[in-house]
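> Residues per chain are reported as follows:
2 protein chains.
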Amino acid sequence: MSVLIVGSTALDSIKTPTRENPRLLGGSASHAAVAASFFSPVKLIGVVGEDFPKKYIELYRRHKIDLSGLQILPGKTFHWSGEYEVNMNNRRTLATELGVIETFQPKLPAAYQDAPFVLLGNIAPALQHSVLDQMKKPKFVVADSMDLWINIALADLLKLLKRVDGFVLNDSEAELLTKEDNVFHALKKIHKLGPKYVIIKKGSHGSSLSGPKGIFICPAYPLHTVEDPTGAGDSFVGGLMGWLAGARGAIDANIRRAMVYGSVTASFCCEGFGLNTTTKTKRTDIEKRVKELEKLTQF
Amino acid sequence: MSVLIVGSTALDSIKTPTRENPRLLGGSASHAAVAASFFSPVKLIGVVGEDFPKKYIELYRRHKIDLSGLQILPGKTFHWSGEYEVNMNNRRTLATELGVIETFQPKLPAAYQDAPFVLLGNIAPALQHSVLDQMKKPKFVVADSMDLWINIALADLLKLLKRVDGFVLNDSEAELLTKEDNVFHALKKIHKLGPKYVIIKKGSHGSSLSGPKGIFICPAYPLHTVEDPTGAGDSFVGGLMGWLAGARGAIDANIRRAMVYGSVTASFCCEGFGLNTTTKTKRTDIEKRVKELEKLTQF
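Each protein sequence line maps, in turn, to chains H and R. Going by the numbering used here, the first sequence opens with residue 254, and the numbers climb by one from there. Going by the numbering used here, the second sequence opens with residue 254, and the numbers climb by one from there.
Everything labelled a hint here was simulated from the structure, so no lab data went into it. Since we're looking at a predicted model, the values are computed, not measured. Check each hint, because a few of them may be wrong.
Since copy identity is lost for identical chains, a pair holds within one copy or between any two.
Claimed, not checked - Subject to a maximum C-alpha distance of 20 Å in a straight line, what follows is the list of computed DMTMM-like cross-link-like pairs (lysine to aspartate or glutamate):
1) 432 x 338
2) 442 x 409
3) 390 x 547
4) 449 x 428
5) 455 x 424
6) 441 x 304
7) 548 x 505
8) 466 x 545
9) 455 x 434
10) 268 x 386
11) 268 x 338
12) 415 x 338
13) 544 x 311
14) 317 x 505
Using the sequences and the accompanying hints, generate a full structural model.
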């Protein structure tokens, strides 16, 4: 089955202690869409400016991503620049130029409106609402978010949580949203806000799911080298939704394995700048790491 | 088989944001010995002063811990006081009174010298050496340590690492020792220093083993409440060594499961002040959490 993905489509200029890479393909929708494309057909919703390089359109196409929902508008593509510290855990934003994303109005082509799986990638909650408003009757909707929206668009976000099946956030965002530092207490409070499935990401420490079948502790694939973690969270949820959309059977029966596939897809993302390593990855590479992760965690 | 455990035997005065508990039974050897006692007979090596409460001797005895290597000397028992911050991850030492531990000379009773399993719990490396010098031919020796010894007794510690089968340390100590923040690079460097098995503890994020059969990612048992994490690392390695000593078969075949038992034993330690919850725990409680942890991590 197909998965519709909305989020930011951006150019990222990223500095790490050892290297600097300007104007890479980035944004939550780009990372999630490429990650999901390993497992299912993807329909992308986003906006770019006239400066958006053709090579990135070709990159999306190589991943067979449906671009009929990608608007190309007069003006500049959303541009983010950031810098990582030595240990790669802390990053700071150097500049944000919103460009065409500032006035973005998602418009769903007719062929998008009955997509069974919907990933509302990290973007303003109002835009996530707008996409949902245009959908017929999706089977499974998951939203991602970030601290910015908890801080400046909380009312919209809380309304959104009542409309989704699953919500994905990282541990510091969970604490910001619930004022709870214990993961169980945070999960309980977030369930009360609406979502049946809540996933808390913990970077290199993996992630935790809380759902109707209880808690699942999902490991991260351990990496020898982290080149650039930008987009890892988007790759995780993209891989997760893509794998779920491609799997037979009930969500409940598949979601743990879907998280493991998301985790492994995100591991490739971290090994190169932007999408450089992810786009060179093959499905067989992913399957190999999933098998390894099974061996690494068996007792 | 039995496990010999050396380390500190102390009185701990612990403050947390909500409570304060003076003169609890503490020390690396106390936590490790009680944890190991769920699985195997334990022989304790340590020293206490004349002020050491009788109720703590009785506590050791209830756990069937052999105390013929516990010296009671004129003077005061080692006393540590510390305070935890709100999130329980950071603690600071308020006072350390060494007392009789300052001049401690471990003396192994004859019946101790052929113990097959040896846990050199956290104490000065010179004392860990002294215990090893008195052993006949132990089957499996594991050492624990702390940042203090890396900073002030590195030469002794490096010599010790050549004499042990396994070494346990936490992630920040691994970085301090190796100057590597990537766990793989740190593990590789520590193996070169001697130990065949290296275990890196990551608190509530679990632990990682590197050994002849590769890497194992060991989950932590997720807790609803952390009352006092003091001694959790000692409980982990105590439970691990106790379970290994009680298991049949090769170390290689058992060590992953031993870590899971250590992890679960440590989870009980965190749920009460000092050893309060651990001493009320039953073997069946531990087995139940191990089974739960299996379910929590299956995919």
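> Within, between, both or neither: how does the pair residue 548, residue 505 come out at a Cα-Cα threshold of 20 Å?
Answer is between; shortest inter-copy Cα gap is 14 Å, intra-copy 23 Å.
> Using 20 Å as the alpha carbon limit, work out where residue 268 and residue 386 are close: within a copy, between copies, both or neither.
neither (38 Å within a copy, 52 Å between copies)
> At most 20 Å between CA atoms: does that hold for residue 442 and residue 409 within a copy, between copies, both, or neither?
within (17 Å within a copy, 50 Å between copies)
> Could you figure out if residue 544 and residue 311 sit no more than 20 Å apart (CA to CA) within one copy, between two copies, both or neither?
neither (31 Å within a copy, 49 Å between copies)
> When Cα atoms must be at most 20 Å apart, do residue 432 and residue 338 count as within-copy, between-copy, both, or neither?
Between copies only: 16 Å across chains, 27 Å inside a chain, cut-off 20 Å.
> Please work out whether the CA atoms of residue 268 and residue 338 approach to 20 Å or closer within one copy, between two copies, in both situations, or in neither?
within (9 Å within a copy, 34 Å between copies)
> When Cα atoms must be at most 20 Å apart, do residue 449 and residue 428 count as within-copy, between-copy, both, or neither?
within (19 Å within a copy, 40 Å between copies)
> Give the relationship of residue 441 and residue 304 under a CA distance limit of 20 Å: within one copy only, between copies only, both, or neither.
neither (45 Å within a copy, 46 Å between copies)
> Check residue 466 against residue 545 for me: Cα-Cα at most 20 Å, and say if that holds within a copy, between copies, both or neither.
between (25 Å within a copy, 13 Å between copies)
> For residue 415 vs residue 338, is the C-alpha pair at or below 20 Å within one copy, between two copies, both, or neither?
Classified as neither: same-chain Cα gap 37 Å, cross-chain 35 Å, threshold 20 Å.
> Tell me, please, which holds for residue 455 and residue 434 at an alpha-carbon limit of 20 Å: within, between, both or neither?
The answer is both: 13 Å in one copy and 17 Å across copies each meet 20 Å.
> Is it within, between, both or neither when you check residue 317 against residue 505 at 20 Å Cα-Cα?
neither (28 Å within a copy, 46 Å between copies)
The earlier numbered hints that this structure contradicts are 3, 6, 10, 12, 13 and 14.
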